[in-house]
Amino acid sequence: MIKDITLGQFFPGNTYMHKLDPRVKLVICFAFIIVLFVTEGIIPYALAALFIVLGVKVSKTNPKMLLKSLKPIMFLVLFTSILNIFYVEGEVLARFWIFKVTKEGLLTAFYMTSRIVMLVCATSLLMYTTSPIALTDALEHLLAPLNKIKFPVHEFSMMMTIAMRFIPTLIEETDKIMAAQKARGADFESGNIFARAKALIPILVPLFVSSFRRADELATAMECRLYQGGTGRTRLNVLKLTKNDYVFMVFCTIFFVIMIITSVVGI
Amino acid sequence: MGEILKLENVSYTYGAGTPFEKTAVKDINLTFNSGDFVAIIGHTGSGKSTLVQHFNALLPPTSGKVYINGEDINQSPATRRAARFACGLVFQYPEYQLFEETVFLDIAYGPKNMGLDEIEVKRRVLNAAEAVGIDALTLEKSPFDLSGGQKRRVAIAGIIAMEPEILVLDEPMAGLDPQGREEILEMIRNYHDRHKTTIILVTHSMEDAAKMANRIVVMCDSQVLLDGTPSEIFARHEVLTKSGLDVPQITSVLIELKNRGYDVDTSVYTIEGAKEQLMRLRGKL
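Protein chains in written order, with the numbering used here: chain A, 1 to 267; chain B, 1001 to 1285.
A few of these clues could be false.
[Said to hold, decoys possible] Pairs of lysine-lysine, DSBU-like flavour, derived with a Cα cap of 30 Å:
1) Lys198(A) / Lys1141(B)
2) Lys176(A) / Lys1258(B)
3) Lys1022(B) / Lys19(A)
4) Lys1196(B) / Lys176(A)
5) Lys1141(B) / Lys64(A)
6) Lys1026(B) / Lys64(A)
7) Lys176(A) / Lys1275(B)
8) Lys1284(B) / Lys176(A)
[To be verified] Sample of chain B residues at the chain A side, in silico, Cβ under 7 Å:
9) Phe1037
10) Leu1058
11) Tyr1067
12) Gly1070
13) Arg1084
14) Leu1089
15) Tyr1096
16) Gln1097
17) Asn1113
18) Met1114
19) Tyr1191
Just so you know, the hints here were simulated from the structure itself, not pulled from any lab data. Just so you know, even glycine gets a beta-carbon here, dropped at the ideal spot from N, CA and C.
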């Protein structure tokens, strides 16, 4: 059941999208989100949707996986759109009891929904096509200027890398411990909230114990390999921009500019 | 000797519908008789660990049925829960599931979940502790203060205390030193001799399987490759070698003798049997 979490899950592949430099993907994804929030209108959003569809096609991602990643935010989407439909003032379209639906409300609801959905789609696409390690690597590169103000960028990204590296391990471990305790008759699904909370102890204690054990082992292993932080460290895979990356960046920039122009012109 | 556990066309697929989809067990048909000591053998990734999780309804089969004492165990949450107690499953590295303050409380976790009264729980804990060789003093210690081998025993006791009709052990000797392995094997054998519980031992060691079991099931690529008594299995050593599994050392000596033209029986797997074969051979020469 825990395995159903898809956010941040990387699907290995060998497509154009997979091979792009993670820094480029990260920046473009970020830019896309900003553009999403500064633009408004049917055509800009149609373009944004097209952008997502192109991304899905190029990366050969299963559209079902994208829908799956949308599931957890469905509540948020519904909540914001309902609020917007009823609470935005403007030209009244329909009215019943104390509620009124306005044209502006409907539009805002539509825009908000599209924004959230496309935001999640874009970040999911990024996550599906970029390994977590590559992603933190990119983050370290992009944050490098912060070193000047004594921000420990390397340590920060190492922490992120380790944390991400251990998410699947811990999920697997949790599954195993749950199975083992279920085999001893543990029951996580019935009883009131206190009984359920108490039923978690047999999972949490072993999980904590093994996390500390793993952390200790990892620290020892890093020490054995003379890890001493970022200074003077070289990389096995040096990130390098290729022609493909430049083409992608130019294409995306043009795309985003068109989105902004169509929004400003107001169509 | 009635049949106690039965699998009918059981298949299981992990992550159906994702790029990680993988069939772990494929169309398995097996019947286990009461009082049997069965070894399930196969190398890493052959599906044996997935298979045993079907025995107590931890994994619902993607298709097929599992019966304990003739009853389908995947009918409802209640039957699933009953199956957990009827078929005790000791996982790989079971010591990582220990969590209670004392060894006693940890062993008592299973019986308590069965809803037994305090006296019965205590009786079972003491019996189980005795069966695995944990003394009264250790029962009051924290499980986290024990040695690796002792932790393993405590974890096994936690399952034994539920007094299941079938005891499944998934690689109970993994990661132990030779002495620890021998002790655990001895303990399992004694338990089987004394209680006549059906025991299913998952292992990848042919030696252990040969020593312990009266029936061996060989798994390969998610399917049952061979199924029979140890002699029947080892007589077909070419099949075993082809799927990357070993035969016991004794058997491989006899196979080598046969290859060199001596007339010996290659289904023998005990020192006694080998001695007999060699004596016979000597008499003939």
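Hints that the structure is at odds with (numbers, increasing): 2, 5, 7, 8, 9, 11, 12 and 19
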